[in-house]
Amino acid sequence: MTPSHPPSAPSNQYRHLRVPLLRRESVGNAYHVLSFEVPDGLPADPGQFVMVRATTWGNSPLLPRPMSLLTGGTTPEILLKVVGEGTLRMGRAEPGELFSLTGPLGRGWRGPHPARQPLLVAGGVGIAPLLFLARELASSGRRPLAIYGGRTSRDLPFSDDLEEVAEVHITTEDGSRGLRGRVTDVLDDLLTPESEVFTCGPDRMMAAVADATFARDVPCQVSLEAPMACGFGVCLGCPVPAVSGGYLYACQEGPCLDARRIAWYPPTSQRGAR
Amino acid sequence: MTPSHPPSAPSNQYRHLRVPLLRRESVGNAYHVLSFEVPDGLPADPGQFVMVRATTWGNSPLLPRPMSLLTGGTTPEILLKVVGEGTLRMGRAEPGELFSLTGPLGRGWRGPHPARQPLLVAGGVGIAPLLFLARELASSGRRPLAIYGGRTSRDLPFSDDLEEVAEVHITTEDGSRGLRGRVTDVLDDLLTPESEVFTCGPDRMMAAVADATFARDVPCQVSLEAPMACGFGVCLGCPVPAVSGGYLYACQEGPCLDARRIAWYPPTSQRGAR
Amino acid sequence: MTHQAVRVGSLTLKNPVLTASGTFGYGLEFAPFFDIEDLGGICTKGLSLAPRPGNPPPRICETPAGMLNAIGLANVGVEAFCTEKLPLLRERGVTVIANIFASSIDDFVTLANRLDREPGIHAIELNVSCPNVKTGGIEFGRDPHLSGEVTAAVRAATRLPLWVKMSPEAADLAAVARACQDAGADALTAINTIRGMAIDPERMCVRLANRTGGLSGPAIRPIALRIVWDLVGLVDIPVIAIGGIATAADALQFLLAGAHAVQVGTASFSDPVAPLTVAQGIRAFCEHRGLSIDDLIGRARTSATS
Amino acid sequence: MTHQAVRVGSLTLKNPVLTASGTFGYGLEFAPFFDIEDLGGICTKGLSLAPRPGNPPPRICETPAGMLNAIGLANVGVEAFCTEKLPLLRERGVTVIANIFASSIDDFVTLANRLDREPGIHAIELNVSCPNVKTGGIEFGRDPHLSGEVTAAVRAATRLPLWVKMSPEAADLAAVARACQDAGADALTAINTIRGMAIDPERMCVRLANRTGGLSGPAIRPIALRIVWDLVGLVDIPVIAIGGIATAADALQFLLAGAHAVQVGTASFSDPVAPLTVAQGIRAFCEHRGLSIDDLIGRARTSATS
Ligand SMILES: Cc1cc2nc3c(=O)[nH]c(=O)nc-3n(C[C@H](O)[C@H](O)[C@H](O)COP(=O)(O)OP(=O)(O)OC[C@H]3O[C@@H](n4cnc5c(N)ncnc54)[C@H](O)[C@@H]3O)c2cc1C
Ligand SMILES: Cc1cc2nc3c(=O)[nH]c(=O)nc-3n(C[C@H](O)[C@H](O)[C@H](O)COP(=O)(O)OP(=O)(O)OC[C@H]3O[C@@H](n4cnc5c(N)ncnc54)[C@H](O)[C@@H]3O)c2cc1C
Ligand SMILES: Cc1cc2nc3c(=O)[nH]c(=O)nc-3n(C[C@H](O)[C@H](O)[C@H](O)COP(=O)(O)O)c2cc1C
Ligand SMILES: Cc1cc2nc3c(=O)[nH]c(=O)nc-3n(C[C@H](O)[C@H](O)[C@H](O)COP(=O)(O)O)c2cc1C
Ligand code: FES
Ligand code: FES
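Chains as they are written, first to last, in the numbering used here: chain P, 1 to 274; chain G, 275 to 548; chain V, 549 to 854; chain R, 855 to 1160.
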């Protein structure tokens, strides 16, 4: 990605790889970083994802799991939070275990616009596509603002890495680090008419962030989570209702989408329907 | 077990345990020894088995796997050969992984008769219940004869341990250790009218061994493998056709059975029907 | 501690978790693991008038998240059950549901009569849906008219609560269910196994001697849940859910769909303590949410999706 | 290298492995993974006359060894398929089977007519068995008379080979199968998904917006195998097997049961290279045993058990 230009349309550049796990590191509460060995490289834009499955899973669980890339290249990384069987197995994997990766998939973040001030809003594991973005911005000499929220100080994986490349405001619900409260408590103060917001985290957080940007008429992109079976437009399992009617498919038109295109439920204040 | 007395009828002494794997050691080609931590002990007779399943398996595979005990006590051991998904997972387990063990199950070897010369005939992984038996015999001051066969020298796990407690004749199909050939090639020479045979191994091997004992009118017990879902008489999935009509249930009346009670298919020469 | 008892017609169960017929033996086999009287009840292995040896082996094989069985309803016979097993169950205070099958209405009636006299039997479950016996009850369970007839005949032969176990393969499930209700069933139980097959590619032959077997286990849970949901909407009598239930979360799906109780089957093979763990998990869920069992039953029928 | 081609009526497939409708998109999505023309063929996502947006989300959820889907037959419509997708498939030499569905016989006929004119279509697969659309074809697939009628009408509208996809939930499968054969079907394909449900116990509501969905994946394989075995015995035309096939060993079960070819479905999500791996595995099996595909087809029907 060249951060100052809009990314190209999604291409058929995805591949299916069988690669060994290189390293697994557990970070914080239930978070793990996995890196894989891809000698010929996995080129990726910030915001793109891979479908991940270990060849040892048998049928349990059956489907691969979508995971945002933390970085591409010859040792692509993902950050995962253990929530169910698939992430549990990933969080137990040992180096050398064979994984199948399909990717890079989906459309990453558009822009960022050269004339706007990027403001990254991350909740927990939503940090992955945003740290990737912040690093790309840093490599082109820009230093974004960031708000990073978690339940406790142990729910803020990679906050140090983020601080290296962004000016970070931390919030925790229990006040164990940064401001006690939620990302939206800080957001209003940091939003300016020049802001451009990029957000990833729990649905309700993203909806609230989008709401704030609508109120201030500032552009906002969200990275959506939808259930996915394939990841490349085949199963049609990942529709997101579109404001224009019909559906956007999160794996192809997203996961990074202009918040204004999404018919949020419950509707955000943009459509004044609350 | 007191080797010189017939064991008591199977009791309801089995338990369901959740215990950590203590150690896994890979031996030879595709064999692994697993030992578990059972502080209050798992008392067992030679020939008894446990149903084994790791709590990490999810639904894949669904059912526990029957495994003969190599020893009981506070660190019960099993010897497994990797043949499918369940044994593959067991062969990859790491110390600390939680397993569920149900046992001790089934009836072990009857006898051995104090006035007879025990002759143990093992094929590959069939060594487990026989090594257990040989050790018990040794502890009561007896040294059995044993024939131990495998495809190659790498298919003879625990042959050294067996040699400590028995006078062992080895056969391999490729001649890489001991006599080139099969256990039955040695058996005829070793059988005497005073022999009492105990055998465990592939079905065809056991049928051939049984055949030889019928011809010489020598008692013979076999440890049968049957598909098992429960291991304690509930699913009725493990019937073995009985000479007397009807079925013997391998998990309750067996796995160790008098070879003369079994309606072998194809019929052995005892019933002269070949 | 919230109240976990549920009523199924005139019968009150300690809690909504029973064990499924054929997967819990005659109950006593599980006594080494836990106090079986702590369950809502146990359904016996299917009982016939005379003892039955069952089908030749192989009788079982594993499939993805499930298993096939073609036991052929091997059982000790009703007489041996009543004299050898039942007294011990009664002594322990176990709630016993006698699962019965026969190949004629007369035999069903004789069985019901025999059990009616027996203290310690709390209900009869009519198996009209076993897929593994040619002359067995499946003919009854697929046909609304025959289902109604056998239910009515047994109804007349006993004052015990009468449950009828549904075949998932009835051509017209609604008609069968209503026929059983109209004939006096106190509850419907569903589902029995679904006919399936497996072939060993290495040996190029079918895996079960009986060729086909009944599929059970987590694999069938979504199908069972759909059928139970439909049944709850079709009849006014309670529905008791069976099919792939291994955890409290699984059982809750069925209660939320409207089942009054559940039966744990194949899961008892994977983990013999499963029925108790399921009962404890449901209790914990209720306590955590401050809900009673009755609050749960059918709750997903009213709430909106997602 | 053994001969892997199989004949399905007048159509010869390079090898017996196709991809199942709805799980392989329009084929081109898999071109980054392998040469899709190396497969026996691909069945397109179900095509309707007009484009369809499909059901609201959530549309999918995972179940033990399976998944539920209620896509609602979202598709680009037959016109867009013919102009945008088909030319690229034709260029590559892909064997294309057009899966079609409609809610009236007239629409089925119009669809068949439209495709009949289109070079590059090798067969039509009639989906009369989708469980996810209220007004959809499932009514046809459950009823012998309607199944025969729609098959006959489409038969008259096209000279393309005509395959009819069976519902696993037909009340009388034998009657439906024979009606389709008598009406001129060149092959039967089976099975479509089985209706199922899932409930989220945490949120106490159903998981799919459509409430029910179709169950697919390894979980249903034993059921599919039993139905395919039965169909092979019921009709004289070839049967093409679908249901939980993920490996060559799985596919072999169905060939040994008598299927002439197989379709790989849900497995393409778990492993997008699965269809090719299955084809290669069957070839390896044949070479290892010195058997042709024809030697395999139906072989388990004659050999003894175990
Ligand atoms: C494009 C994309 C990128 C993602 N990136 C990351 C990432 O970088 N790191 C990370 O940890 N997770 C990420 N996720 C979420 C991740 O895919 C899910 O947490 C994972 O699939 C859960 O699998 P499981 O087997 O552990 O849990 P399951 O057993 O499948 O589910 C556990 C619980 O999570 C819910 N759930 C499952 N999948 C999803 C989903 N896709 N969306 C919402 N809820 C779900 C289930 O309903 C259930 O309640 C991403 C999802 C998408 C769509
Ligand atoms: C009483 C008893 C004691 C046993 N003791 C031992 C032991 O000490 N060590 C050991 O390694 N194995 C032992 N076995 C065999 C062991 O249970 C099986 O190898 C195991 O269940 C296979 O599981 P899997 O998932 O690895 O293979 P699966 O994927 O289940 O099967 C792989 C192959 O093995 C065949 N198979 C599976 N189970 C059996 C079975 N029970 N009998 C015959 N063939 C089968 C299948 O048909 C298939 O071809 C014993 C079996 C019994 C009944
Ligand atoms: C080994 C086995 C034996 C069974 N025997 C009977 C039986 O005798 N009578 C009966 O009504 N159901 C019988 N069933 C069906 C179960 O009671 C239950 O309906 C079915 O297994 C589905 O539940 P599950 O998925 O929890 O196992 C049997 C099931 C299994 C697996
Ligand atoms: C997401 C999804 C979409 C499907 N769409 C269609 C369809 O459009 N037309 C059709 O005939 N079958 C459709 N099917 C059914 C499959 O073609 C196949 O019959 C079924 O999934 C069973 O095979 P499997 O277990 O290998 O997936 C769909 C299945 C899935 C999982
Ligand atoms: S995940 Fe399959 S279409 Fe988007
Ligand atoms: S294994 Fe279940 S009865 Fe023997």
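Honestly, the hints are just simulated from the structure, not real lab data. In this text, a Cβ means the ideal position worked out from N, Cα and C, and glycines have one as well. Mixed in with the good hints there might be a few duds.
One side of the interface only, derived from the structure: several residues of chain G facing chain V at Cβ under 7 Å [to be verified]: (1) Phe310; (2) Pro335; (3) Leu337; (4) Leu465; (5) Ser469; (6) Pro501; (7) Cys504; (8) Gly507; (9) Val508; (10) Gly511; (11) Pro513; (12) Ser518; (13) Gly520; (14) Ala537; (15) Trp538.
Hints versus structure:
1. Phe310: 17 Å, violated
2. Pro335: 6 Å, holds
3. Leu337: 6 Å, holds
4. Leu465: 30 Å, violated
5. Ser469: 30 Å, violated
6. Pro501: 5 Å, holds
7. Cys504: Nearest chain V Cβ about 5 Å off; hint holds.
8. Gly507: Since the shortest Cβ distance to chain V is 6 Å, the answer is holds.
9. Val508: Check passed: Cβ of Val508(G) comes within 4 Å of chain V, closer than 7 Å.
10. Gly511: 4 Å, holds
11. Pro513: 5 Å, holds
12. Ser518: Violated - the Cβ of Ser518(G) stays beyond 7 Å from chain V, reaching only about 11 Å at its closest.
13. Gly520: 5 Å, holds
14. Ala537: 10 Å, violated
15. Trp538: 13 Å, violated
Going down the numbered hints, you'll see the structure goes against 1, 4, 5, 12, 14 and 15, while the others check out.
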